[in-house]
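First to last, the sequence lines map onto chains A and B.
12 is the number of the first residue of the first sequence in this note's numbering; add one for each residue after it.
6 is the number of the first residue of the second sequence in this note's numbering; add one for each residue after it.
Worth flagging that the hints you see were computed from the coordinates, not collected in a lab.
Hints may contain errors.
What the hints assert, rightly or not - To list a few chain B residues with every Cβ distance to chain A over 12 Å, as calculated:
1. E22
2. D23
3. T32
4. R33
5. N72
6. K75
7. S76
8. S79
9. V90
10. D91
11. V120
12. N121
As the list claims (entries may be wrong) - Chain A is faced by these chain B residues, among others (derived, beta-carbon under 10 Å):
13. V9
14. Y38
15. F40
16. L50
17. V51
18. F52
19. R55
20. V94
21. F96
22. K109
23. V111
24. F112
25. G113
26. K114
Stated by the list, open to error - Derived pair list, reagent style SDA-like, types lysine to any residue, alpha-carbon separation capped at 25 Å:
27. B:K43 x A:R35
28. B:K43 x A:S54
29. A:K52 x B:F52
30. B:K43 x A:G113
31. A:K25 x B:G48
32. B:K117 x A:S54
33. B:K114 x B:I84
34. B:K114 x B:D91
Here the structure is a predicted model, which is why all the values come from computation and not from measurement.
Where is the CB? At the ideal position from N, CA and C, for every residue including glycine.
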Amino acid sequence: GAVVSQHPSRVICKSGTSVKIECRSLDFQATTMFWYRQFPKQSLMLMATSNEGSKATYEQGVEKDKFLINHASLTLSTLTVTSAHPEDSSFYICSAGRRNYGYTFGSGTRLTVV
Amino acid sequence: AQKVTQAQTEISVVEKEDVTLDCVYETRDTTYYLFWYKQPPSGELVFLIRRNSFDEQNEISGRYSWNFQKSTSSFNFTITASQVVDSAVYFCALSELTQGGSEKLVFGKGMKLTVNP
Numbered sequence: 012g013a014v015v016s017q018h019p020s021r022v023i024c025k026s027g028t029s030v031k032i033e034c035r036s037l038d039f040q041a042t043t044m045f046w047y048r049q050f051p052k053q054s055l056m057l058m059a060t061s062n063e064g065s066k067a068t069y070e071q072g073v074e075k076d077k078f079l080i081n082h083a084s085l086t087l088s089t090l091t092v093t094s095a096h097p098e099d100s101s102f103y104i105c106s107a108g109r110r111n112y113g114y115t116f117g118s119g120t121r122l123t124v125v
Numbered sequence: 006a007q008k009v010t011q012a013q014t015e016i017s018v019v020e021k022e023d024v025t026l027d028c029v030y031e032t033r034d035t036t037y038y039l040f041w042y043k044q045p046p047s048g049e050l051v052f053l054i055r056r057n058s059f060d061e062q063n064e065i066s067g068r069y070s071w072n073f074q075k076s077t078s079s080f081n082f083t084i085t086a087s088q089v090v091d092s093a094v095y096f097c098a099l100s101e102l103t104q105g106g107s108e109k110l111v112f113g114k115g116m117k118l119t120v121n122p
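Could you build the full structure based on these sequences and the hints that come with them?
Okay, here's the thing in structure tokens:
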């Protein structure tokens with residue numbers, strides 16, 4: 012149980028375009044999902060907490076208008092990188108779960124902006 | 006704020022050697038969870054263990070063992086008889102309650118383990 016599916020696994024886009032990343036909980040309902048970003052050879056940094064039916068909570072320094080998060084259902088959260096630039100190139104990974112049961116991570120999305 | 010320190014950034018061992026990965030944490034919470042994750046070159050995070058702050062029993066799972074010591078705020082991870090497949094980056098993480106009542110994970114910087122044949 013507790014499977015989290017993340018798509019796409021890799022995406023290359025042109026500078027200035029937008030990219031949408033999906034995170035789905037396949038066998039459980041997730042009222043909360045988390046989006047992390049990992050730069051090469053660095054740790055994972057939480058970007059935002061995605062709350063079903065309400066606005067996401069962003070960490071300090073993360074631009075809300077650039078990283079749009081939508082959590083419209085209990086099994087799906089999406090992260091849209093708007094007007095992507097090369098500095099947005101990174102590994103994005105989502106997680107979902109519950110406090111007393113642990114958290115499962117998606118397989119991650121490697122975004123390259125050219 | 007919560008903090009996780011993995012002092013070692015990179016370790017290289019020869020197959021069959023034992024290796025211990027250190028993790029020291031800081032928290033003001035009385036109830037928290039500690040985690041270890043493995044990240045192979047493919048990038049996905051593989052869950053290894055979750056430990057409740059009230060459970061200080063050491064745990065062994067095959068070649069993996071964990072030593073949780075609240076007195077020193079440490080949660081160290083030992084791989085016995087390492088294998089090439091153990092080569093990966095290992096992250097220690099600590100749960101932190103957000104203002105909204107949900108829980109996020111704070112990660113250490115990770116430790117890259119290379120096991121050579």
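Tell me the numbers of any earlier hints that the structure contravenes, in ascending order.
Of the numbered hints given earlier, the structure breaks none, since each of them holds.
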